[in-house]
Amino acid sequence: MKKRNKAPEAGASWMDTYGDLVTLLLCFFVLLYSISQVDTAKWAAVVKSFNPDAVVASQIVGDLELEPGEDDLPGTVDGDFEELYERLMESVKSAGLESEVELYKGDGYTFITFRDRVFFDGDSSIIKNEGTMILDQFANILSGVSDSIAEIQVLGHTTQADPNVVNEVESDRVLSADRSARVAAYIQERTSVSPDRIVSVGYGQFRPIAPFDTAENRAKNRRVEMLITKTDSVEHTLEEYYREMGR
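Residue 1002 in the working numbering sits at position 242 of the sequence shown, and the numbers go up by one each step.
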């Protein structure tokens, strides 16, 4: 007698359904992970492409807030700050001030030294025309990266006129403070950096970077410095910045 083929067991297909379900769940969690961090600019472009009539992308997706430093794609806050040094250096070179302006790029900061009489004559605190020209360029560059700047410190320094006699205290302090304040105010009026992030400090003759023994060394101490720090960078004392720069 011919054997009859055995019918497939009832219920065997549940394994296929279960396997499909697990696969779909895996795909779902991979999708969730992939969109856990979204580039807001790119997302807005995608949303706009699907809904051209939307006034703003937030009509479809809620505001996405990224903490500083989370988005490292080119053209973001981090990228802008990293380009700050190069842009400032180009500005200095175009103005022919390489011998008068020194720039140093550190980890999370840019330090600028304006030597001797770039901005001021003698005991004056009036910014010279040559000084305003370079400050105009710097202010424009700073505006382009304002979101990445934590603080701009403008530091005023004088020098001891007589190697053996300390400067008259009040006039020395006032002169350095007035100079730093004028530079800070000039930048504030011409940049989009928030005013609460622009600080001026006058040190007088008390943060020298050279001895007071010769006219050449005294000229090194007569300077205005600008410390530009990046959002969320580690802050140091002025002496620590100097050590890092080899002063």
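No lab work stands behind these hints: they were computed from the structure. Warning: the hint list may mix true and false statements.
[Unchecked claim] Computed cross-link-like contacts, EDC-like style, restricted to lysine to aspartate or glutamate with a CA-CA straight-line distance of at most 16 Å:
#	residue 1	residue 2
1	Lys980	Asp922
2	Lys865	Asp840
3	Lys853	Glu890
4	Lys865	Glu976
5	Lys888	Asp840
6	Lys980	Asp840
[As the list claims (entries may be wrong)] Restraint-style ranges between C-beta atoms, simulated for each label pair:
#	residue 1	residue 2	range
7	Leu785	Arg957	44 to 50 Å
8	Ser906	Glu995	37 to 43 Å
9	Cys787	Tyr864	49 to 55 Å
What you are looking at is a predicted structure, and each value in this text was computed from that prediction instead of being measured. Positions of the beta carbon are idealized from the N, C-alpha and C atoms, including for glycine.
List of violated hint numbers, smallest to largest: 4, 5, 6, 8
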